[in-house]
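If you read the protein sequences in the order shown, they are chains V and R.
Per the working numbering: the first sequence = residues 1 to 116.
Per the working numbering: the second sequence = residues 117 to 431.
To be clear, the hints were calculated from the coordinates, so they are not data collected in a lab.
It is possible that some hints are incorrect.
[Unchecked claim] These stretches of chain V come out as covered by chain R in the derived footprint (C-beta under 8 Å, 3 or more residues):
#, segment
1, 19–29
2, 45–57
3, 67–73
Keep in mind it's a predicted model, so treat the numbers as computed, not measured.
From the three backbone atoms N, C-alpha and C, an ideal C-beta is built for every residue, glycine too.
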Amino acid sequence: MTPAVLAGLVGAAVVGLGLYGLIVDPQPLRKLLAFNLIGSGVFLVFGIVARRGAAAGFEFDPVPQAMVITGIVVAFAASALAVALILRLSETSGGVSLDPAVWTKPDDKGEKGDGQ
Amino acid sequence: MNLLPIIDVGLALLVLGIATWTIAAREVFGAVVGYVVYGLLLSLVWVRLYAPDVALTEAAVGGGVTGVLLLTAGARLRSGGGKEAGEATGLPLRVVAAVLSLLVALGLAAVVLFLPEPPATLAPEARAGLAATGLGNPITAVLISYRSFDTMLEKIVLVLALTGVWSVAADGAWGRAPAPIGRMAPDGALTLLTQTLAPLGIVVGLHIFWVGADAPGGAFQGGALLAAMWMIVMMARLAEAPRIDARWLRLALIAGPAVFFLAGLAGVAWGDGFFSYPPGFAKPIILFIEAFMLLTIAVTLPMLVAGPPSKGAGR
Numbered sequence: 001m002t003p004a005v006l007a008g009l010v011g012a013a014v015v016g017l018g019l020y021g022l023i024v025d026p027q028p029l030r031k032l033l034a035f036n037l038i039g040s041g042v043f044l045v046f047g048i049v050a051r052r053g054a055a056a057g058f059e060f061d062p063v064p065q066a067m068v069i070t071g072i073v074v075a076f077a078a079s080a081l082a083v084a085l086i087l088r089l090s091e092t093s094g095g096v097s098l099d100p101a102v103w104t105k106p107d108d109k110g111e112k113g114d115g116q
Numbered sequence: 117m118n119l120l121p122i123i124d125v126g127l128a129l130l131v132l133g134i135a136t137w138t139i140a141a142r143e144v145f146g147a148v149v150g151y152v153v154y155g156l157l158l159s160l161v162w163v164r165l166y167a168p169d170v171a172l173t174e175a176a177v178g179g180g181v182t183g184v185l186l187l188t189a190g191a192r193l194r195s196g197g198g199k200e201a202g203e204a205t206g207l208p209l210r211v212v213a214a215v216l217s218l219l220v221a222l223g224l225a226a227v228v229l230f231l232p233e234p235p236a237t238l239a240p241e242a243r244a245g246l247a248a249t250g251l252g253n254p255i256t257a258v259l260i261s262y263r264s265f266d267t268m269l270e271k272i273v274l275v276l277a278l279t280g281v282w283s284v285a286a287d288g289a290w291g292r293a294p295a296p297i298g299r300m301a302p303d304g305a306l307t308l309l310t311q312t313l314a315p316l317g318i319v320v321g322l323h324i325f326w327v328g329a330d331a332p333g334g335a336f337q338g339g340a341l342l343a344a345m346w347m348i349v350m351m352a353r354l355a356e357a358p359r360i361d362a363r364w365l366r367l368a369l370i371a372g373p374a375v376f377f378l379a380g381l382a383g384v385a386w387g388d389g390f391f392s393y394p395p396g397f398a399k400p401i402i403l404f405i406e407a408f409m410l411l412t413i414a415v416t417l418p419m420l421v422a423g424p425p426s427k428g429a430g431r
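So here's chain V without its partners, still in its complex pose:
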């Protein structure tokens, strides 16, 4: 098994791990972390496409590699936006949850879901 195929299989496994975390973990910040794992796994799978595309005297295909570099930076920008939304949700509602029932319960003593 070549290093490229091995790396591709690691990428596939990381996507699986990340997907599991994304579904199972209730905390939004942990979901974001899991989502980043999925992204890096996808980049790895794309990376072996780049490695297999070695031609014209290169050990790799530079086009997918350049796209992965762009992708890593865009993934970071999206994560930063997600973090800002999570923190704002925490500020305004006193807790972070993606469960609508948590901040619409009538017995939350007015601490949550009052806008500001």
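Dock chain R against chain V, hints included.
Below, chain R alone, put in the same frame as chain V:
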């Protein structure tokens, strides 16, 4: 005896182990530390895939800057008193999620194992374009010349993301500075580390940018390193985050995409169309564009980590 296959398998197992830890860890802090280590190990895998440019970006942005972002977010959530609420997922859903994830992973693994032969490649086209640019690093040539439109739009995405981050600020905080990253009172060790590391890091960052024309490196990698240096200076409280309505900050944020766009338009006036660089001048123009991209990346990444303007941090 060749040790490389053993190292490859060991590295793969380590990456999988750390990835499992980031999902399984009880505390957010532990999970994020795991993620940073994961990013660093992953960059070694990228080196083994003959992708040193990606490895540099993964180590700096994927591991480092994203790590600081998530650590800061975890600390701000705790200090805000907001509990990370939510009920633990029940066993049936866990089983369903595990089966689904396993199927997706197996499907991807099958794709990896049965990729088409002969492999698709754009390397010959990139090679043909490389001669016209006068660059030695094909990745930089692809980013700034061969697929320059993508790279310009990506800079705009960075600015849009920052606009989004700023727009969730409370009404009264608009125009002020973001809250400090890290602790309120830094200790002496962090100050000493920053004073030692930042000058070196700035030189290394500029070097990586400059050699990026011909060797692994470039505006992304150098910019991310400069961004990291600014972040560590802000963490040690040696400099405060700027007010978000500062004129120089706004100019630095749009410098990269604006210069890139103008260079593209100049191609319409002089040459064969949008983003056609005149022959013989391609390399100086590309380095000129990259210098402004470096500035934009070095300023945008720390501002994205610092977050929206905060009422308490006005000056």
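For each hint, the structure was consulted:
no., hint, verdict
1, 19–29, "holds (count 10)"
2, 45–57, "holds (count 12)"
3, 67–73, "holds (count 6)"
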